[in-house]
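> So you can see what is in the structure, the chains are spelled out below.
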Amino acid sequence: MEALLARVAEDLAKGWDFPGSGVSEKSASLACQDVVKDVLKNLVAIVVPGCHGDKPVSPEYRLAHVSGALSQAIEILATQILAAFQYSCENGDCVPDVACESCIHGAERVVQDFLTALPGIQDLIKTDIAAAYEGDPAARSTMEVVQSYPGLYAIIVHRIAHFLRSKDVPLIPRIMAESAHSQTGIDIHPGAAIGAGFFIDHGTGVVIGETCVIGNHVKIYQGVTLGALSFQKDETGRLVKGIKRHPNVEDHVVIYAGATILGGDTTIGEASVIGGNVWLTHSVPPHSTVYNQQPKPKIRTSTAS
Amino acid sequence: MEALLARVAEDLAKGWDFPGSGVSEKSASLACQDVVKDVLKNLVAIVVPGCHGDKPVSPEYRLAHVSGALSQAIEILATQILAAFQYSCENGDCVPDVACESCIHGAERVVQDFLTALPGIQDLIKTDIAAAYEGDPAARSTMEVVQSYPGLYAIIVHRIAHFLRSKDVPLIPRIMAESAHSQTGIDIHPGAAIGAGFFIDHGTGVVIGETCVIGNHVKIYQGVTLGALSFQKDETGRLVKGIKRHPNVEDHVVIYAGATILGGDTTIGEASVIGGNVWLTHSVPPHSTVYNQQPKPKIRTSTAS
Amino acid sequence: MEALLARVAEDLAKGWDFPGSGVSEKSASLACQDVVKDVLKNLVAIVVPGCHGDKPVSPEYRLAHVSGALSQAIEILATQILAAFQYSCENGDCVPDVACESCIHGAERVVQDFLTALPGIQDLIKTDIAAAYEGDPAARSTMEVVQSYPGLYAIIVHRIAHFLRSKDVPLIPRIMAESAHSQTGIDIHPGAAIGAGFFIDHGTGVVIGETCVIGNHVKIYQGVTLGALSFQKDETGRLVKGIKRHPNVEDHVVIYAGATILGGDTTIGEASVIGGNVWLTHSVPPHSTVYNQQPKPKIRTSTAS
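Protein chains in written order, with this note's numbering: chain Y, 175 to 479; chain L, 175 to 479; chain A, 175 to 479.
Excised from the complex, chain Y in its bound form (with noise of 0.2 Å):
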């Protein structure tokens, strides 16, 4: 057993060395998944009001808390930039222990734009708790909206991990998207825009592609994709990257679950309602109302199943 479990290590080891492995000299110091959704933990709860860990804050001690947590999270989250700026570097001069002038300004500028435009996101993330509240019967309460809605979750770390995107942050802002999406079954691309008074009622399967491009108070519910129907490729065969390929959906939209909508130049029109289980691949005009045709229902004669 020992000699077999010897041979086996050594081949997996060496298996990890093979062309786009991805990993190098530089994969030492990556970002972690780990230490990434720590970081994004704590930023969640630094921005948005509710039960922080199952030590509830009192308001005479809020700014207290909010300065110590969010000193402690800039300061892994400065690290994790810097480590994944250094990954895409290609300085040769850049190592694990020792990174270049360029990585170190860059992670240091970033974190310094992430803080101020903090607050900002944080009023964005409050028209979301609006929204939320006032597009669902079942909320009782803006408190019960924070302390419990997969949706809301989903777009405080979406309007987090789009704004380092934003800032051409390598690994990270994918990360953070898919801890959110594994949490809440909602995936959204950091590359997607979406604009104020957000609303994911229930969430499970919904996908927002990374060129989507979103107005303001939408609601979308569960099992909604908007998502990419072609595949430009180039000269060589190879998919083009980043092109786009997701849909438009202007302001006041609502689509209900199941619906897929898919193609770069597919826009939702003002207003519309897109009904559950639709598929659709091309442009509805503003004030559109867009249903799925109900079959009829047969009778069994027999009780037979």
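Any given hint could turn out to be false.
Which copy is meant is left open, so a pair is good if it fits within one copy or across any two.
Claimed, not checked - In silico lysine to aspartate or glutamate, DMTMM-like type, Cα no more than 20 Å apart, as pairs:
1) Lys188 to Asp297
2) Lys470 to Glu444
3) Lys415 to Asp267
4) Lys407 to Glu308
5) Lys211 to Asp439
6) Lys215 to Glu444
7) Lys470 to Glu424
8) Lys470 to Asp439
9) Lys211 to Glu249
10) Lys341 to Glu249
11) Lys472 to Glu424
12) Lys472 to Glu444
Since the hints were made in silico from the structure, they are not lab data.
Position chains L and A against the provided structure of chain Y, taking the given hints into account.
Coordinates of chains L and A only, in the frame set by chain Y:
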């Protein structure tokens, strides 16, 4: 950087104070998500046989194990229920450190009623375990169901949360339901009334709304929505909360994957079968079968994708 | 309260004893969910390069890291496999503290076979990583895929669970699959046979049934069901377990979001494309395209919602 951190922390802390934030002096003792989730995990393990954490329990130690775990869970739950009542209490003398008599007695009453109801809840859950084993060809043993079926976990949590909600406990039932939602992808509002022998197979994406009424021996597959269609507003234009707006599902109904069924007047008649991806906003009689049409395949004549 | 707690604890403990509970003296040593999940997490980290927990591993330490982690994981897995065999063992002399020879040797055999198979499983997973990177325009690097793609995590777990199931290990493969299901929203039964270069994009809501057979280079989007349609019963009216009842998917097929495909005789022919939200219970030939119709939008003439 120090100055920037201080300024942003102050902005964020002030930002927690907004109309509708739900934050008040009373938040300090509020029911906490992490604590509620821990209590819930223990309650589930007490009620359903199977591996509890990583220490299995042999039959001769079972009573000792249940007694200890139950005392511990109930003590914490009692504290959380009191905090939740206090949060909603309109009595000016009822403050975090000194609860009013009404809240104290109310919380004690709920805890006693819950304890008394637990064996009956366990009996219902046994019917759910049987329904899963008998309703799924992939289930090789009831232990497999107990240990690993997410649909079972979701209905156990629901029966606990539904009871607490029936006693008007604020916030906690929704936190429990959303905890199960995060873990299983199954979203059952604590208000939903569900009969015996209930089986959700696979489950990811299922949404069962606040005012659903479901009968006995109902089987539901992944991605099924039993949701609301229209949203009644009052004279000020605000949503009316809590009215009957979700479907009724009678005994022995089977609903296949991805069906979206909406409306408070929509009733799926006894022993009906609803096919996959069906969109339905009106009632169907008992013994109905309702299926979408299947599209005709087109064969591509070239090998271009 | 003390008396009530004692009475309820007794009722609940007795309630654990019921026909079909699966509980027995042998449960004491049963495979535990939390332990199995920990082992699984370590096995995934050993097989796939990327950040392991929060300590990244640089290339020169890789072999040492893999050796240590592998020994530890295998030791725990071996204990769990033995417990699972014992649970199903019908030999009266095989008790929790003293396993029978058959169980001991059977467990050792499985562990050796699993170790021997691991490098081959790693090779298959490399083809899955490549398929994800090449099949998704949003993937900017394979490291991004490895660190954050839930579809990749799900197929890694599947290939491990599928192997153990092929060796008739009870319970554990299903626990592993449901662990991945909880984390990713992707539900692949360990019995499913899946070829190389398999890519599930986004993934939430995907269900792949026990008797599915999937070819090479297949791409599947979120919310797709490959499930069972009818359920054969034996002469006593009970479900027949395990028969072929899930579809076959041939090489190079693409299935878009929300499609529901059912039936053991249903084959999706090579290089076919199945559109979003399609409902299908019959086969389609190779090179087919199958799309739902798209509803016509109606324009609302007033501004009433």
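> Taking the hints in turn, state whether each one holds.
Now for the hints, and whether the structure bears them out:
Within a single copy, Lys188 and Asp297 get their C-alpha atoms only as close as 50 Å, which misses the 20 Å cut-off; across copies the closest is 11 Å, which meets it. In this homomeric assembly, Lys470 and Glu444 come within 20 Å of each other (Cα to Cα) only across copies, at 17 Å, whereas the closest approach inside a single copy is 32 Å. Taking the shortest alpha-carbon separations for Lys415 and Asp267, neither the intra-copy value of 29 Å nor the inter-copy value of 62 Å comes in at or below 20 Å. Within a single copy, Lys407 and Glu308 get their C-alpha atoms only as close as 44 Å, which misses the 20 Å cut-off; across copies the closest is 11 Å, which meets it.
In the homo-oligomer, the alpha carbons of Lys211 and Asp439 never lie at most 20 Å apart, since the shortest distance is 34 Å inside one protomer and 43 Å across protomers. When the C-alpha separation of Lys215 and Glu444 is checked against a cutoff of 20 Å, the pair qualifies neither within a copy, at 34 Å, nor between copies, at 44 Å. Within a single copy, Lys470 and Glu424 get their C-alpha atoms only as close as 33 Å, which misses the 20 Å cut-off; across copies the closest is 19 Å, which meets it. Taking CA atoms no more than 20 Å apart as the test, Lys470 paired with Asp439 passes between copies only; the shortest distance there is 17 Å, against 34 Å inside one copy.
Proximity of Lys211 and Glu249 under a CA criterion of 20 Å is satisfied intra-copy only: 14 Å inside one chain copy versus 29 Å between copies. Proximity of Lys341 to Glu249 under the C-alpha cut-off of 20 Å is restricted to the intra-copy arrangement: shortest distance 18 Å within a copy versus 45 Å between copies. For a Cα distance limit of 20 Å, the shortest separation of Lys472 from Glu424 across copies, 17 Å, qualifies, whereas the shortest one inside one copy, 39 Å, does not. Taking identical chains as interchangeable, the C-alpha atoms of Lys472 and Glu444 lie at most 20 Å apart only when they sit on different chains, with a minimum of 13 Å there against 38 Å within one chain.
When held up to the earlier numbered hints, the structure conflicts with 3, 5, 6 and fits the remainder.
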